[in-house]
Structure formats: C-alpha cells, structure tokens
Amino acid sequence: MNFWQRLKYLLPRFRDDEERDMQEELASLAAMAQRGELGNLTLAAEQRREAWGWTWLERLQQDVRYALRTMRKSPAFCVLALLSLALGIGANTVIYSFMDSILLRNLPVASPESLVLLNWHSKEPAGIRPNHVMHGADGSTWTDRNGKSSGIFPFGAFELLRKNDAIFSSLFAYYPTEKRTLAVKGQAEIATGEYVSGDYFRALEVPPAAGRLIFADDDRVGAPLVTVISMPLSERVFAGAANAVGQSILIDNLPVTVVGVTPPEFFGVDPDANPDFYVPLHANLVMDGTVSWAKTAKTYLDRNYYWIEMMGRLRPGVSRVQAQAALAPQFQQWVAATATNQRELDSLPALTLKEGAAGLDTLRRQYSKPLYVLWTMVGLILAIACANIANLLLSRSAARQREIAVRLSIGASRGRLIRQLLTESVLLAVAGGALGLLLSFWGVRFLTLLLGNGQENFTLRADLNGHVLAATFVLSVLCGAVFGLAPALQATRADIAPALTGNRVAAGTGHVGLGMWRLSLSHTLVISQIVFSLLMLVAAGLFVRTLSNLQTIRMGFNREKLLLFDVNARQAGHRDPEILAFYAGLRKRFAAVPGVRNVTLSHASLLGAGRRLELRVSGTPALDTWILNTGPGFFSTMQIPILMGREIDDRDQPGSPGVVVVNERFAKDHFGIENPLGRRLTLGGPHPRDMEIVGVCANAHYGRLKDDIRPVIYIPYNQGDYPRVQQMVYALRTSGDPRVHVNAVREIVRQADTRIPVMNVRTQAAEIDRTMNQEIIFARLCTGFAILALVIASVGLYGTMAYAVARRTSEIGIRMALGAQRGAVMRMILRQVLVLAAAGLAMGLPTALVASRLVESFLFGIKANDPLALVLAVAILLCAALIAGYMPARKAYRIDPLAAIRYE
Amino acid sequence: MDLLKGTLDMLVLKTLRLGPMHGYGIAKAIRTSSSDALEIEFGSLYPSLKRLELKGWVAAKWETSEHNRKAKYYRLTPVGKKQLQQEHSKWTGFVAAVSRVMEPAS
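Chains as they are written, first to last, in the working numbering: chain A, 1 to 904; chain B, 1001 to 1106.
Looking at chain A on its own, in the form it has when it is part of the complex (with noise of 0.2 Å):
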C-alpha cells in the first residue's frame, strides 16, 4: 500500500499538491513557533521530499541531462564513441547468438534435463585388423587424443540395454536415412528422413500437430509403411499439416501413408539433422533391403555392426552418474562376448552417458573450437573499444579538470561526480550497444550465409532472443562501467588548488615532468590497444596465410569451367541392369548439349569421394587403397595427365575384360620402378573381379583437401556388380561459364525421367571453396577484425598524442623560444608514439606467440610461430603508429612560439 503511495509521488499532480500541502503546513508551523526557532525551513523541506524516497531517481534524471548536454557539447566525440562500441558489442552479439544456438539451447520437447545420450569411448585400437569388435559401421566416430568415441551401437546392444525399466521410463532408438527421392502428385523433390524405434515420439513426448506420431506397432516386421512428416515439408508439399494426414507418397518410389506431422519447433534429436520424414526403425528392410547391401535383416543380428543412436529418458530420482553406473557392466559384459580376438578385448568400448538435453553434439563438435576463436576475436575488439574510450573520456575529464575542481571546491561530494561521470558513460554504452544490437541483425544473417556458403540444407540457425539481448544489456552496462569508471576515479582525484589556478601544465592526468615522462593511465590504455591489435594482425597473418596455402594446393585436375552435379537413379527405381545403360544414355545426351567439350561421370566427385575396399595386388590385400568408379573420359574431362597406357574409355563396357587406372602413387608403392602396366588387381565383395591395369595416371587429390596424396585407383563403373551403382555425380567441361548450362541440364533429366530430381548443382571451384569454408570465413572476418582494431587504436594513439600536444603548447613554445629546432620538436614527439608502440609490441609478441599455438589446428601449411605473419604484423602495426603519431607531430612543428608563450 505504502510503495503505491510512493509511486504516486512520481506523478506530477500529485507532487504539486504534496508541495503546496507541505509548505502551507511549514507556514503554519512558523507563524506558530518564535523566529528562528525551527532552523532552516528550507532544509527540512528538502529532507521531508527526500523523505519519499525518489531522490536517486531525481539525481539520475540529472545525471542523465547533464550526460546529454555534455555529449551535445562534442559530437565528434560521441560519433567515434558510438561507433566502436556498437561494432564491438555487435559483434560479440552476433558471435553469442551462434554460441546461444549451439553449444546453450536445448531441444524443444518436454522436460528434457531428464534424456540422456549414450556414447561409448575406447582406446584407439593399434596393430593389424581385426582389431576392434566394431567390424563394421554405418555412421560417425571420432577420435581424439583418448582414443575412439561414438554415438552408434549394434542393435543388440539396445535391445540388452532397453530391458532397465527401473532406470529408463524409455529408451529409445534412430538413425538417419540419408538424401531419399521424395515424389509426390509426380513431383520429385530431395528429402532427409530419420529411421525412429517406436518409442521415439512417446519418449520424447511431443505431441502431433496433426493426425498421430510413430506408435511401437508401426516398428516390426511387415508393418504397413508409414511416415509422420515435419511441419515444414507438410506445409511445401502438402499446403498445410491438416491436409498432408492420409496422403500417400512415394519415398524412393515405395508408397508411404503419411499418418501425422510433427510440431514447427520439433527438429529430431540432432540439431544438425532437422529431418523431413521420420519412419519407423524396421521399415529399412523394406525402403533399404533393395538398395544397400548392409541393411538388411543381418543387420539386426550381427553383434559387430555398429549403426543404431541411443539415448534414453531417465526415470525421476535417477541420476546419469546412477544410470551409468548400473548399464556399464551390463554393456561391458555384452560387448566382450562379441570380441573374436585378444586385440578386440583390449580396446573394448565403454558405455558412457552423456547430457542428453541439448540432443546429439554433432554441431557442437564442429563449431565450436571456431566460435571459441571468433568469440575471442570479438572479446578482444571490444576490449580495445572499451580502452579507446576510456582514453577519449580521460582526455576529456582532464580538460573538464578545473569544471570537475570547482565543483568539488563548493562542497560535491566525489561519489557524486563520479556517479555524474559514470551515468555519462553507461548512456553512452546502453546507446552504443542499442545500435550494436541493430547492426548485429544482419551480422547474424550475414554469418550464417558465410558459415552455410550455398549449402543446401544448412541446419544452423541463429537468432536475436531473449537470452541474447539479455547477455547484450548486461554486456553493453558492463562495458559502460568498465571503460567510464577509471576515467571517473582519475578525474575526481585531482588537486584542487592547481586546477583552479589555471595551471595547465600541472593540471594534467598524472605526468608532470617536462622531457621523461611517467606511464600514465592514458599511455597504459594505449599501450593495451596496441598489444590487442597486434594479436588480431597475428591471427588474419595466419589465417591469410592458411587459405591462400589452401588455395594453391595443386589439385592435379582443372578446376576451372566444370560443372558437377548429382543424380540418383536407384532411389527412383531403376535397377540393375538397366540403370547402367540409363546413366550412359545422361551421358549421351549431356554430351550433345552445345558447349559442352566433355561429360564423365563417377560414383562421387574427386573431393567428396572416401571409398575403401578390399583389394588386392597379386593375392596381397593392399590396404588403404581408395577407389573411384568412374565412367569413360574421366580423365579427359577432369584433365589428368595419363602417364602410362590408356584411360578408361567407351571400350570398357559390362562385358569386355576388367580394367582399371591407379594413380602415380599407388603404381610407386605396389610396384616400385617395375611397369604396373598389365598387372592384375582383385576388387573383393561376393564375386572378387579381377582387373588388369592399362593406364597410370598423374596424382590428383582425392578426399580432403589437406590430407596428402592417396593411393588412388579408378574402375569403370559399369564393370561387375560391386560396388553397386548408386548416385552418379556428371561432371560436364565446358568451354565458357559453366552455370549457363543449368537449365539444359534439368532439362535433359526431366525428359529422361520426371521421377528423378538433379541434386547439389556445383561448379568444381565452387566446391572446392566450399571445403575451405571455414578458413575463408576466418581470413576474412579476422582481416576485417584486424583492420578494424588497428582503426580503433590508432584513433586512440592519435586522440592520445593530439592531447598530449595541446596540453605541452605552452612548453614547446618555450622550447621552441629558447632555440629549439622544429624538427628536434616533431622528432621528439614521433619518438613518444615509437616508444609506446614499442612497449605495446614487447609485451604483444609473447603473448601473440603463445596465443597462436591456441589456433595451431586452424592452420595449414604454416607453424603457429609464422614469422612472416609476425613481421608484417609489425610492420602494419608501426606503420599506423606512425601515421596516427604524425599528424599531432605536425601539429606541434608548426606551433608558433611567441602565440604559444603569450596565450600562457
């Protein structure tokens, strides 16, 4: 009751008439009392308003015009201020958003504290195989410095482990279904799905926004086929969830009802999935039994097939640490019985339960050693903004010394001032960072663009919510308060008598003496916008550095005027062996378009392929021996050299004698010196096929850009039956810009078969960029940061310097009086701006070199200690020292002596 009485006095009206109210009683009161027996009437109405207990309020709002009117006053000042902290709090936005997404939110189902992922870890196996009871996999493992971890497990081990109902209300099973041919109404679309055990959804509790989720009766053998749908392919398709229930549709060609759509904000268990379908675990017997050759009903049974995801919701009161406890044993007693040598049982896998709450870590795990190392970059811009300021408000305070000395002189008290001075800065941070905010809404965009590069289903989203502007309000106040108090405390410390005086040389922040000077405030700032900068040169040296390494890595194939793309026949129900003559026919027909010099195609192109099997040369497996099955003029077309013999061409046909082509480097390895030429290589699988070698070609990279050369062979795709056909990448040499044959392209498929849609249109440089996306994306964020540190510091250097002259006018007048020459004048305060930039890089290099070991795993062909990179960093960095010291050295040539001493 009483705070409402108090909020009232915030009204105007009401104030008015407490007023009036206050002073007809203190009239009363006096005409009572004898004169002068109550004291000053005047303060007891001041101490009766503050009796309210709005008088902070009052103060603020003082502060606050005050702020105001003192920014008016210098709106260079303000602009410059403005500016560096809304690019320094807009970035760290932008970086905290991602940060947000990824490594802080969880999935949107309900209470989902209580899921729980399970992972197992083991030693990296060592010596020949086999050497670990996983023979087989179907999905990621990792492997770091501890040995081997993983998400997936045979399905056996789920079955063993779903039986703990005392742990798990549900334990529940998925994993994905990879690119699937998606038709409906004859339309042919491109869609990701995930295969879900029936108590997926249940587990999950998410509730349907039409129709009904996976129930455990759609998850056995010889169910109907049936799919719930997310809400965004339900509304692209289907125009609506209400109306997609009850559809059928074609999934790789088989006939699918849909039954159900999931809610908008559902996304799976990973967020770097978000599929389009889900469909129940044993419908892949039906939708994969004819594609692969490893889902099968084996599957389900063999113990050393790994490839089903866990994760289970904990029953309430249990805890990870319980539950891991109890499964451990259960598991570990499991798995030794599927080892079939003493190599497997020493690396045995460990279950390990991990926080299942924000779902799978795949993003994680990719993202964020990078966004660490962008976070820090930000961190450290708007440390130097922070500083900048700092240094410009000290300057400042120092020329508001005599203002700042009178007021004290007449009874303020300090915390006051320095609260004055603090309610300046913190407005100027909140403001800085309200426009940080807005520049950071098309950072966030920008950055996501950057990070995706043209990736079609690029699962990384990012946005402005509250936590993020929560984080930012704090961040911007923090900032205010940082960068406000130092200059705040420095200034209300001074002397009052010299200040009053008039006594600029004495007033000063610190430094007092006439030649050397001491490490003031205002150097120490400076001195740390200079360390700050030349880490960030550091890093852009470095990460240049990187990609333009990345950049001239010779591929040993012409990059240039190729266009790639995907194509999928199988999915769309071609078979055996027609498909075969389907894919020659594309071929064919590519080949006809006008500009057009060369068509080839191959199971995968040249940097996405990874394809092992076994092989051997004259009966001895030859291990790590990568394979591409390619079709004829492969090597025409992608333009590598063939050294030796002939490539693979239009004569190797299903029938004629098994051919292949290996590279340089495997030539070199399995037969030395000796001519590889007619040599013979078994390809194993069911029926092994034996092929003759009848070409050497040029090495060419194959796989990830920075590994080595690999030992590559080349089959014909068209010979035997193993590998199978599946997707085809075409690649199409063309004599001008290759994107002008898009059209063409999708044509000429459609009229081969409307079912079948052309995929993931790339030119060969466009996906060679796309595997350095993530150094492109950090040579040039950290160029732009590095520029816009070294900006920012050298305003501060200049504002430092300039200040600096202005204030000694008078001395170097005097200097210049008593004969001083104006070169000696200039030099000396060149000479000032060399020793701080010096001091700034004595600290800045050690701590650049232990920094950059941080980001040794970013980097490529270069050491973390590239002394190129530190040289030119240096170099940029006294370069701008010396532009931003020389204008004020100019400055102080041109003083006129005689003006300087008389303004004294």
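Since the hints were derived computationally from the structure, they do not count as laboratory data.
Any given hint might turn out to be false.
Unchecked claim - 20 Å max Cα-Cα, derived DMTMM-like pairs, lysine to aspartate or glutamate: (1) B:1055 - B:1009; (2) A:668 - A:692; (3) A:354 - A:113; (4) B:1070 - A:650; (5) B:1050 - A:24; (6) B:1050 - A:17; (7) B:1050 - A:18; (8) B:1050 - A:46; (9) B:1061 - A:21; (10) B:1070 - A:21; (11) B:1050 - A:58; (12) B:1050 - A:16.
A quick note: this is a predicted structure, and the numbers were derived from the prediction, not measured.
Following the hints, position chain B against chain A.
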C-alpha cells in the same frame, strides 16, 4: 544532548500517545518532557513525520487549533501503537544491556 540513531521515531510515537499534535507541538512536547535535555532539531523531526506517515504509523489531518488557527495534526494509528510497543521493549532491552556493561553488579 544528541539523539541516538533511530530513537527519534520512537520519541515521536511516544509523544503522540498523548493525543493528536501538530509538528511544532511535538517538538515542544519532547523538549518539555525531557526537561529540556533533548533538543530536537525541527529540521530532522519534520522529515521523520512524513516517513512515519508513509509507513502507516501516524496519520495526518488539517484541523483548527485551540487558538483558532489551522494546523496539520498527527495522530497515532493502531499499527503505530503496536510499533511503539515493539520499539519500547527493544529500547528497554538496550538500556538494560548497556547498564549491565557500564555498572556491573559488584
């Protein structure tokens, strides 16, 4: 004699037990009942009246005085009475404790 911090409120409440009074009256009453030992500054008494009013311990109303003058009269509220009892017992405890220290029983 200077007042201990926080005792002014208690003195005002105690004085108002005698009946409604205006601001000048309260100051005079405290001085009289303390036999002129406590000199209450009007400058601190006056704001404290507003504080007590905002806390709901006293209520204020314009009335006409015995000399036919208009004045604002302050009156103790029931909440104020309870508050006074509390403050009083706290004060008694405080005085007793201080006395025990200053004049230990020998």
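Structure-based check of each hint:
1. B:1055 - B:1009: holds (11 Å)
2. A:668 - A:692: holds (17 Å)
3. A:354 - A:113: Between residue 354 of chain A and residue 113 of chain A the Cα gap is close to 11 Å, so the pair holds against 20 Å.
4. B:1070 - A:650: Violated: residue 1070 of chain B and residue 650 of chain A sit about 119 Å apart, past 20 Å.
5. B:1050 - A:24: holds (15 Å)
6. B:1050 - A:17: Status holds; Cα separation ~15 Å.
7. B:1050 - A:18: Measuring from Cα to Cα gives roughly 11 Å; hence the hint holds.
8. B:1050 - A:46: Holds, at roughly 12 Å.
9. B:1061 - A:21: holds (11 Å)
10. B:1070 - A:21: holds (12 Å)
11. B:1050 - A:58: Holds - the C-alpha atoms of residue 58 of chain A and residue 1050 of chain B are around 19 Å apart, at most 20 Å.
12. B:1050 - A:16: Given pair residue 1050 of chain B, residue 16 of chain A holds - Cα atoms ~16 Å apart, limit 20 Å.
Hint compliance for this structure: hint 4 is the single one not met.
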